[in-house]
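With the hints as extra help, turn the sequences into a complete structure.
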Amino acid sequence: MSRFIVRRLFSMLGVLFAISVLTFLLFNALPNPALRLAGRFASAAQIAHINHQWGFDKPVYIRYFTIMKLVFTGKVISYDQQVNVDHELLQYLPVTVSLAIGAGIIWLSTGILFGVLSAWRAGRWLDRGLTVLALIGVSMPVFFLGALMSYYLGDKWGILPAGGYVKLQDDPAQWFVHMLMPWFALSVLFIGVYSRVLRSTILDTVNDDYVRTARAKGLTERQTMTRHVLRNSLIPIVTLFGLDFAAVIGGGAILTETVFNLHGIGQYAAQSVEALDIPPVLVITLFGAFVVVIIGAFVDILYAYLDPRIRL
Amino acid sequence: MSATGSTPASVIEESLPQEGWPAAGEDVPPGIGPYRLAWRRLRRNKVALAFGGLFLVIVILCLLAPVYAKHVAHTGPNTENVDTALNQFGVPLGPTWHAKYFLGADNVGRDVAVRLLYGGRNSLEIGFEATLITIVLATLLGVLSGYFRGPLDGFISRAFEVIWPYPVYLLGIVLGVVLEISGLDLGLFKIGGSSLLITALVIGVIYTPYVGKAIRGQVLGLREREFIDAARQQGLGNMRIMYEEVLPNVASTIIVFIPLVLANAILTEAGLSFLGAGVRPPNPSWGTMISEGINLLPSAIHTMLVPGIMLVLCVLGINVFGDGVRDALDPRAKIRIDH
Chain Z
1 MSRFIVRRLF
11 SMLGVLFAIS
21 VLTFLLFNAL
31 PNPALRLAGR
41 FASAAQIAHI
51 NHQWGFDKPV
61 YIRYFTIMKL
71 VFTGKVISYD
81 QQVNVDHELL
91 QYLPVTVSLA
101 IGAGIIWLST
111 GILFGVLSAW
121 RAGRWLDRGL
131 TVLALIGVSM
141 PVFFLGALMS
151 YYLGDKWGIL
161 PAGGYVKLQD
171 DPAQWFVHML
181 MPWFALSVLF
191 IGVYSRVLRS
201 TILDTVNDDY
211 VRTARAKGLT
221 ERQTMTRHVL
231 RNSLIPIVTL
241 FGLDFAAVIG
251 GGAILTETVF
261 NLHGIGQYAA
271 QSVEALDIPP
281 VLVITLFGAF
291 VVVIIGAFVD
301 ILYAYLDPRI
311 RL
Chain B
1 MSATGSTPAS
11 VIEESLPQEG
21 WPAAGEDVPP
31 GIGPYRLAWR
41 RLRRNKVALA
51 FGGLFLVIVI
61 LCLLAPVYAK
71 HVAHTGPNTE
81 NVDTALNQFG
91 VPLGPTWHAK
101 YFLGADNVGR
111 DVAVRLLYGG
121 RNSLEIGFEA
131 TLITIVLATL
141 LGVLSGYFRG
151 PLDGFISRAF
161 EVIWPYPVYL
171 LGIVLGVVLE
181 ISGLDLGLFK
191 IGGSSLLITA
201 LVIGVIYTPY
211 VGKAIRGQVL
221 GLREREFIDA
231 ARQQGLGNMR
241 IMYEEVLPNV
251 ASTIIVFIPL
261 VLANAILTEA
271 GLSFLGAGVR
281 PPNPSWGTMI
291 SEGINLLPSA
301 IHTMLVPGIM
311 LVLCVLGINV
321 FGDGVRDALD
331 PRAKIRIDH
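Chains as they are written, first to last, in the numbering used here: chain Z, 1 to 312; chain B, 1 to 339.
For the record, the hints were derived by calculation from the structure and aren't laboratory data.
Among the hints, a few may not be true.
For the chain Z half of the interface with chain B, some residues (derived, Cβ under 7 Å), not all of them [as the list claims (entries may be wrong)]:
hint	residue
1	F17
2	A147
3	G251
4	I294
5	A297
6	V299
7	I301
All C-beta atoms, glycine included, are put in the ideal place defined by N, C-alpha and C.
What follows is the structure, encoded as structure tokens:
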């Protein structure tokens, strides 16, 4: 087990390094970066300072280390607002985490429920109904759904607040009410995907040998289903969940955050891109990919612990 | 697929590694090929066919956009008309029963129906181009890395692993912005920053690892099979084995991925355009139109509803049809999307 953990962590470090290089190269491809970083009203001295600070006057490999040092020591300054990007990121993080946790609970539980119901009633009306719902869910762009919800439920009928974020520590009830619509809007697509995946894995698993063994040794149908079929069918779902959850924390919920005006990491990225403010975009891109890789590695290790076959 | 019990026939069917074999209990005359069989199953799935038809109708309507603009609406997609299309408070016309402004006007008096069709051309064009890029790249890289294994596979798989973790929209807007500023110089030809091809390329590259990984996995299994050995014994070269023996065997996987990628590419285009990193205004696309409509919200909801409903119908058509195709061919295909 410890050998597996060490190996997995080393491969994680390799991927993280490769991602940092790729992200660097992406931004390195910008023509005249110092001008872009310095903003519209930069003086010649400012540009020279940037050139030096970001290593644009140095060879590429030194520039890579210069920029990574800036990012990881938290010294990147945005040029649009002249604020420290890492501080900003930490300030936006709780909003995104609130969104991810609430939505994650909703989409995982509902996705599993719908998937199980659908497999249980495969081919009947309940299954068909849930299939239709799932297909509509995966066809619904979240920003359109979000805009509809925010307009009708929020502005027009005034049932829920149309957008914005209230800090959890300020007012838990208002926090909850403000997050309800974003949670549901974000969950819809995932519920569609998860219920479909779970349905097909369950239907594949019921024909496996160990399920027949479980039946043969006299377990009741309910015991067979919960202890053997469902437990094994949940494996792909948990992998998916790890990745999707990480992607949302890493700023992947840009559309949801933008349409509900949640000042999270995704909206920060969107606003920075709109302002062509490069430093925050660089940091958020790195952050997003890193979160996904690191959480992915932890999910793998968790699995190896739960399922010894994976350690091989 | 049946949920109950396992008849001997379905056990045998499962142990057969090749897709497209007759399902348990299916009455099939001997000598019918897997694709004919899949087509027979698909033809029986009326719902899937109906939704495939819906998508086809949308494509044809969008292709006819210039005809509609010229002969029905008598106005272009970017023709502004503030005088008659807005009321005295500046609120645009809603849907009317006239040929002009059939679906209403937007805030500068452009005909929503005309823009919807022209926007659909852009959205669909990007969707099809991105799908083509994804499928070609993924097939090429997946087959090569699965067939040769070794260092080439190591390199390609690592490349997939490095692109995979970037959240889709984040990578999309970053690539979109970088390429928009710098344009793309591919040596032989240059793509300008505002070209639709940039957006298509970005989306196409983002989805390549999802499909490429699946194809690679399948090829890894195929290359150990006897018919590949047989082909090698006959003296066929690697290229010919890949083209004539491996490719036909991953074809059904590729076919299943096409609608999945197309639906996601169209949704991604809309999302990127919504964020301002896809199609640039005043050029219409469904994403930019929804985004413009949201900004007009309290007064003119049709400007958001019309492109939104069109987008959902189009993607739903592809998804339901694709679901039917998958049921007919039945390999496993999954794709991760986030938003």
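Tell me the numbers of any earlier hints that the structure contravenes, in ascending order. 1, 4, 5, 6 and 7
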